[in-house]
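> Sequence:
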Amino acid sequence: MLVSLVFLLFSNLSNASQNYPQVEIVTTSGTIVIELDRNRAPKSVENFLSYVESGAYVGTIFHRVIPGFVIQTGGYDVNLNEIDTSPEIINESGNGLKNQRMSIGMARANDPHSASSQFYINLSDNFSLDPMPTRWGYAVFGDVIEGFSIVDNIASNATQSTKGFQDVPVAPIIILEASRID
2 MLVSLVFLLF
12 SNLSNASQNY
22 PQVEIVTTSG
32 TIVIELDRNR
42 APKSVENFLS
52 YVESGAYVGT
62 IFHRVIPGFV
72 IQTGGYDVNL
82 NEIDTSPEII
92 NESGNGLKNQ
102 RMSIGMARAN
112 DPHSASSQFY
122 INLSDNFSLD
132 PMPTRWGYAV
142 FGDVIEGFSI
152 VDNIASNATQ
162 STKGFQDVPV
172 APIIILEASR
182 ID
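Per the working numbering, residue 2 is the first one in the sequence shown, and the count goes up by one each step.
Rather than coming from a laboratory, the hints here were simulated on the basis of the structure. You can take every hint at face value.
Only pairs whose alpha carbons sit at most 20 Å apart, straight line, appear in this in silico EDC-like list of lysine to aspartate or glutamate: (1) K99 / D131; (2) K164 / E83; (3) K44 / D85; (4) K164 / D85; (5) K44 / E89; (6) K44 / D144; (7) K44 / D131; (8) K44 / E54; (9) K99 / E36.
Throw the hints in and build the complete structure from the sequences for me.
Here you go:
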């Protein structure tokens with residue numbers, strides 16, 4: 002009986018890590034840990050994890066920092082050169098997850114199905130990014146679970162307009178490492 006209970010406990014823990022994988026993002030400002038929701042955003046999670054596991058995020062910068070709104074990364078290196086990306090994914094914004102403070106979502110262009118490597122962290126409740134009956138929203142696929150002060154610190158950096166980009170931190174904030182920790 003005890004063996005059965007131990008097996009059941011470890012079986013449930015294994016399912017939790019499969020359905021809610023965690024990723025540690027080490028930046029020049031500190032470490033952020035996010036938990037992903039594979040149940041509600043399977044395509045977004047798989048897409049994000051493929052970039053993590055390939056090392057594509059290493060060396061990218063937070064290229065868009067708007068206090069009270071979002072910090073965005075995953076698309077450009079320190080020289081603002083775009084990184085190589087995989088095919089765009091289907092928008093999963095109707096999954097019930099909300100663009101609330103410390104949630105993580107897929108950045109995209111005007112085309113609702115144009116998300117690829119870029120992601121953002123909400124600095125406040127940004128429900129205007131959620132879907133509405135007449136339009137697509139921005140797909141949330143997880144939450145920051147550690148490093149809230151690091152996120153807020155990144156958001157407090159002075160920004161500038163440079164090379165056609167607005168809201169770029171004056172001192173680059175670089176992702177040094179991104180890896181699964183579950």
